[in-house]
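Student: The residues making up each chain are set out below.
2 protein chains.
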Amino acid sequence: MNDEIPETHPRYKSLVIRERLRDFMEKGIVVPEGLIAHGRGEAFDYIFGEASQDFALESEKAAISLLMLSKNPVITVNGNVAALSYKEIVELHNVTGIKVEINLFHRSDERIKKIAELFQREGLTEIYGIHADKEIPGLVHNRRFADGNGIYSADTVFIPLEDGDRAMSLKNMGKKVIAIDLNPFSRTSITADISIIDEITRTIKNFIKIYEELKNLNESELKEILNKFDNKKNKVDAINLICEKLRYWQTDQKPHL
Amino acid sequence: MNDEIPETHPRYKSLVIRERLRDFMEKGIVVPEGLIAHGRGEAFDYIFGEASQDFALESEKAAISLLMLSKNPVITVNGNVAALSYKEIVELHNVTGIKVEINLFHRSDERIKKIAELFQREGLTEIYGIHADKEIPGLVHNRRFADGNGIYSADTVFIPLEDGDRAMSLKNMGKKVIAIDLNPFSRTSITADISIIDEITRTIKNFIKIYEELKNLNESELKEILNKFDNKKNKVDAINLICEKLRYWQTDQKPHL
Chain A
222 MNDEIPETHP RYKSLVIRER LRDFMEKGIV VPEGLIAHGR GEAFDYIFGE ASQDFALESE
282 KAAISLLMLS KNPVITVNGN VAALSYKEIV ELHNVTGIKV EINLFHRSDE RIKKIAELFQ
342 REGLTEIYGI HADKEIPGLV HNRRFADGNG IYSADTVFIP LEDGDRAMSL KNMGKKVIAI
402 DLNPFSRTSI TADISIIDEI TRTIKNFIKI YEELKNLNES ELKEILNKFD NKKNKVDAIN
462 LICEKLRYWQ TDQKPHL
Chain B
222 MNDEIPETHP RYKSLVIRER LRDFMEKGIV VPEGLIAHGR GEAFDYIFGE ASQDFALESE
282 KAAISLLMLS KNPVITVNGN VAALSYKEIV ELHNVTGIKV EINLFHRSDE RIKKIAELFQ
342 REGLTEIYGI HADKEIPGLV HNRRFADGNG IYSADTVFIP LEDGDRAMSL KNMGKKVIAI
402 DLNPFSRTSI TADISIIDEI TRTIKNFIKI YEELKNLNES ELKEILNKFD NKKNKVDAIN
462 LICEKLRYWQ TDQKPHL
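In order, the protein sequences belong to chains A and B. When you line the first sequence up against our numbering, it's residues 222 to 478, in that order. When you line the second sequence up against our numbering, it's residues 222 to 478, in that order.
Don't take every hint at face value.
Given that identical chains are not distinguished, each listed pair holds provided it fits within a single copy or across any two copies.
[To be verified] Okay, derived cross-link-like pairs now, DSS-like style, lysine-lysine, Cα gap no bigger than 25 angstroms in a straight line:
| id | residue 1 | residue 2 |
| --- | --- | --- |
| 1 | Lys355 | Lys397 |
| 2 | Lys392 | Lys453 |
| 3 | Lys426 | Lys453 |
| 4 | Lys453 | Lys466 |
| 5 | Lys234 | Lys466 |
| 6 | Lys335 | Lys430 |
| 7 | Lys454 | Lys444 |
| 8 | Lys308 | Lys334 |
| 9 | Lys308 | Lys430 |
| 10 | Lys454 | Lys466 |
Simulated from the structure, these hints should not be mistaken for laboratory data.
With the hints as extra help, turn the sequences into a complete structure.
Tutor: In structure tokens, the structure reads:
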């Protein structure tokens, strides 16, 4: 993908992701606001050591259990999500059957078409949200549009990398919400039933591994995983780790970022 | 500047700054990497309440004192700095005489020309770094170039919004370094003699106010301000505030970001 950044660079993955977002902005898939949002996530991911922490893995296991228990789960995809993880999302669809719906804040037919093409090239035939015919109550901007056969009728919505008003509106419709957000204080993290505090490309890769581990469990075993999961405790663990790291860096006084 | 974001919006300033960076990227002044870097700063600024905290004001007072005591101070300007604060930097030059040098990681003659034009339109006649003829020892990338009459011969370099290797190399040349970085753990913040943990547009505006307060002080009074300033304690105060805010948000569990 990149011949300038050496794979031995300690922050190789993070730099490759930045290049990828820049490239996908040039292709008209990522918007400038998406780059700024990515930067906000980066700040938290540095502190988490750019690795999936235990609280993240716990929430990812619960998320897979919920997706497996759901009758009609949908993942909602924006520009950043598509750019960073379209291949892995198609893989996730292939193993779990989760529907894929495109939903954009900066919505244009052209951007939707380009994002749909990414998924189609990976072999995904049914993509929702292209002709979104329903509206989510309580939202005024373009993200209110939803597909009647997708998010609108879903029982569980998996919304990576968004801000929180849509998560809140979907909760108000009685849906279960799974979110990915590196910021444990965002409205999305606070609203979601399962708040995954992890980086998206790591999360989706973990999902596929975890699915392999859980795929033979029965309904009551999956429910047990969900019942044991404590979303609030998980967020507290994330916050504790942030403060622990900051205190350590403070006494250490070496450059870390 | 913007007729869509209402001034009453609680995060008005932050949203206007985002739009400004996007507009200046379209003009070829800001690079995509600059948007990501801005997002990282935003994450910290949210936590600081998007306001100049006491530790920031203390460091800004020390910075102005150091600039007034310096024989040949230079501010180094990249794309983000130019986009967000070119007018205020010209004002700062007019009141303190600080030289302005353009230095870009993603250096091209075209970008340098566009940035120089911004400053020229505000009436700045002498702009350094356009024909950078010297190299800062220890740097390999394009930012190694420096103007012999600017940064290269400066006693104090004010470097807002950069990563830290250049700050380190300038320190190794025996120069005093003032930095602006919302991240108290960045290499820039750790390296600088005065680490201003504040947002750039607020900082430069504060600078001009503080200069008005200090302009009649004599050398020994300015030195006293500098001697009383404790950069390390200041960074500890910033870190304490981050953890305090996170703990509060954690118990509060209301959406804040």
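Student: With reference to the structure, classify each hint as holding or not holding.
Tutor: Each hint tested on the structure:
Only within a single protomer do Lys355 and Lys397 lie at most 25 angstroms apart by alpha-carbon distance; the minimum there is 19 angstroms, versus 60 angstroms between protomers. Proximity of Lys392 to Lys453 under the C-alpha cut-off of 25 angstroms is restricted to the intra-copy arrangement: shortest distance 17 angstroms within a copy versus 45 angstroms between copies. Within a single copy, Lys426 and Lys453 get their C-alpha atoms as close as 24 angstroms, which meets the 25 angstroms cut-off; across copies the closest is 41 angstroms, which misses it. In this homomeric assembly, Lys453 and Lys466 come within 25 angstroms of each other (Cα to Cα) both inside a single copy, at 20 angstroms, and across copies, at 17 angstroms.
In this assembly of identical chains, the alpha carbons of Lys234 and Lys466 lie at most 25 angstroms apart only when taken from the same copy (21 angstroms versus 30 angstroms across copies). In this assembly of identical chains, the alpha carbons of Lys335 and Lys430 never lie at most 25 angstroms apart, being 29 angstroms within a copy and 49 angstroms across copies at closest. When the C-alpha separation of Lys454 and Lys444 is checked against a cutoff of 25 angstroms, the pair qualifies only within one copy, where the shortest distance is 18 angstroms, while the shortest distance between copies is 50 angstroms. Proximity of Lys308 and Lys334 under a CA criterion of 25 angstroms is satisfied intra-copy only: 17 angstroms inside one chain copy versus 41 angstroms between copies.
Taking the shortest Cα distances, Lys308 and Lys430 sit within 25 angstroms of each other inside one copy (15 angstroms), while across copies they are farther apart (53 angstroms). Taking CA atoms no more than 25 angstroms apart as the test, Lys454 paired with Lys466 passes in both settings, with 18 angstroms inside one copy and 18 angstroms between copies.
Violated hint for the displayed structure: number 6, the only one.
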